[in-house]
Every structure is written in structure tokens, then in C-alpha cells.
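Asker: Spelled out from the first residue to the last, the chains are:
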Amino acid sequence: MTHEVHKVVKESGGLRIVIADSATSVSEDNKNDIVVDGSHCGANIAPDYILPSGARGMIGNDAGIGLENAGVASLKTLEEHGIPAAAVAAMSAEIGVGQSTYDEGVISAANELAKKMGVTVGMSAKEAADKMLEGIS
Amino acid sequence: MSDKISVKEAGGRKIVLADSAAAMDESTKGDVFVDGSHCGINVGEMTLDTGAGAMIGNDAGMGKNDAGIAGLKFLDKHGIPAAAVSAMSAKIGNGRSTYEQGKISVVNEAARKLGVSAGMSAKEAADRLLESLVKSGK
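Chains as they are written, first to last, in this note's numbering: chain A, 1 to 137; chain B, 1001 to 1138.
Calculated from the structure, these hints are not laboratory results. We treat Cβ as the ideally placed atom computed from N, Cα and C, and that holds for glycine. Be a bit skeptical, because a hint or two may be false.
Claimed, not checked - Cross-link-like lysine-lysine pairs, in silico, DSSO-like; alpha carbons within 30 Å at most: (1) Lys1123(B) with Lys115(A); (2) Lys1073(B) with Lys7(A); (3) Lys116(A) with Lys126(A); (4) Lys1073(B) with Lys76(A); (5) Lys126(A) with Lys1103(B); (6) Lys10(A) with Lys1064(B); (7) Lys7(A) with Lys1103(B); (8) Lys1113(B) with Lys1103(B); (9) Lys7(A) with Lys1077(B); (10) Lys116(A) with Lys1073(B); (11) Lys31(A) with Lys10(A); (12) Lys1123(B) with Lys1073(B).
Unchecked claim - What follows is a set of in silico ranges between Cβ atoms, one per label pair, in the way DEER data are often shown: (13) Lys1077(B) with Ser137(A): 41 to 47 Å; (14) Ser137(A) with Gly1011(B): 56 to 62 Å; (15) Gly14(A) with Gly1137(B): 52 to 58 Å; (16) Asp1003(B) with Asp29(A): 48 to 54 Å; (17) Asp103(A) with Lys1135(B): 21 to 27 Å; (18) Pro52(A) with Ser1117(B): 26 to 32 Å; (19) Gly122(A) with Lys1135(B): 47 to 53 Å; (20) Ser1117(B) with Val8(A): 43 to 49 Å.
Produce the complete structure using the sequences and hints provided.
Answerer: Here it is, written out as C-alpha cells:
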């Protein structure tokens, strides 16, 4: 796990929206958080980082989707564990930079749970994070 | 893949595979680290901080401002050879896929000088990097 100080951008009803450059920096300290990060959403992200942390929602980068849609593979895994999750287009935000995901990101993919909360393709990451915060409160 | 595995050793150095660049640490100092991460700026910093000898990651489709390969240029400034495989050639987040399926799409100058070029398989690139690092003894 990498060490990183997360930026809290919103708090409501005991839940927070936090920004991280890397999903690998997420820990149990994020169990009440919607994590907006600069990582891809590949297959390892859900089981290795997001699920063990207990985070309540996640928005990452689609990494250009790539071979066998590997860049968004974790959205489905998170769906199976009841976690809303979405990805921003790699051309909309700088991968590796969480603040860019949050400030500039445009949603390109979302799991069913996120969609039920009102997250749609084309929405800004900021608005999507707000929808998740409302949806899980 | 949990954490990391070594697939080759020569002259006290290794080629190490991991799904995430976050698995780099003291034990991979001087090694050729092949991972499933993007090559963004934060991954460049992780590579430098942990002292890996060389790094191969995923270009993440390059993306906005070529952020997916920003770490390559950063590492070049520090003389560390690094390269990325095309996101359409290997599964991001999967280090074994980078190594076994990856086709190099971008190399930094330090890697180019060691004979790594675009179109090469990641495996061949890793071999060249290992060989060169062992020879140079740096």
C-alpha cells in the first residue's frame, strides 16, 4: 500500500467524498468514503484495495478501456459487492491524478448500482460523486 | 496475482511481475519491475522512490495530456529506463498480461539507448533491460 494524504472535498451524514491519486492508498480509514481516484479500474483494484477498505463508492479512470475492457473490470466486481462505481474517460482526466478525475473527469462507464443512484455516462465526476453520496445516505 | 513474483534472475538482479506498481519496495531495488499499472506521474515517483532499476507498465491509452505515460519522461530525467505497453495489447491491472501479452508502445530515452523499441514484446524488452543493467553494474 502506498502512503498518501487524502483530500476531503465533501462531508454529509457521516459520509465523505475523498480524493486520492492512487487506489492503492485506500485503507480502513476510508470505510465511510466515496473514493475518487486517479487509478484505472482494472480487475485488481476492487479485490486488492477497495473491498478490503470498506469504501462505500468509487470513481476511477477507464484507462482507455483497453484489452478485454480490462480498464473497467472492477466496476462489475464492486457491483457484486453492493458498491456503486464509475469510471471517467481517459481523454477527460489525467490518469494518476485524483484531483483531475474529480475536477475534469467525464463519466464513461458506471455499474448498475451507480446508475440506479442517477449516475449517467457523460456526467461530470463531481456530479456523479454527489449522486453516490446522496444515494447511499 | 498476490503481491509479486520473480520470473528471471541474472547477476543478482531479477525481472519481477506485479499487478500494481505499489508492490515495489526495498526487495525490488535494482530490479526490472514489470507491472499492470498505468505509467502516470505518481507511478514514476513510486519507481524512483523505491529504487527499481527499470520499469515496464501499461500506457493506459495515453489519455489526456499523455498522462498515462507521464512517468516515463519523469524517470528519464533520473536516468531510469522505462517503457509502456499498449492498453490494447495487455490487460491493465494484470502484471502477467503486461509481461506475456504486452507490446511496447512507448519507451523513454534511457530505455531506447539500451535497445528497447516500440513494437517489441514486453518480455524481450524486460530481457534487454535486465541484461543491460547487469552489464552496467549500476
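Asker: Could you check the structure against the hints above and give me the numbers of any it violates, in ascending order?
Answerer: 1, 4, 5, 7, 10, 16, 17, 18
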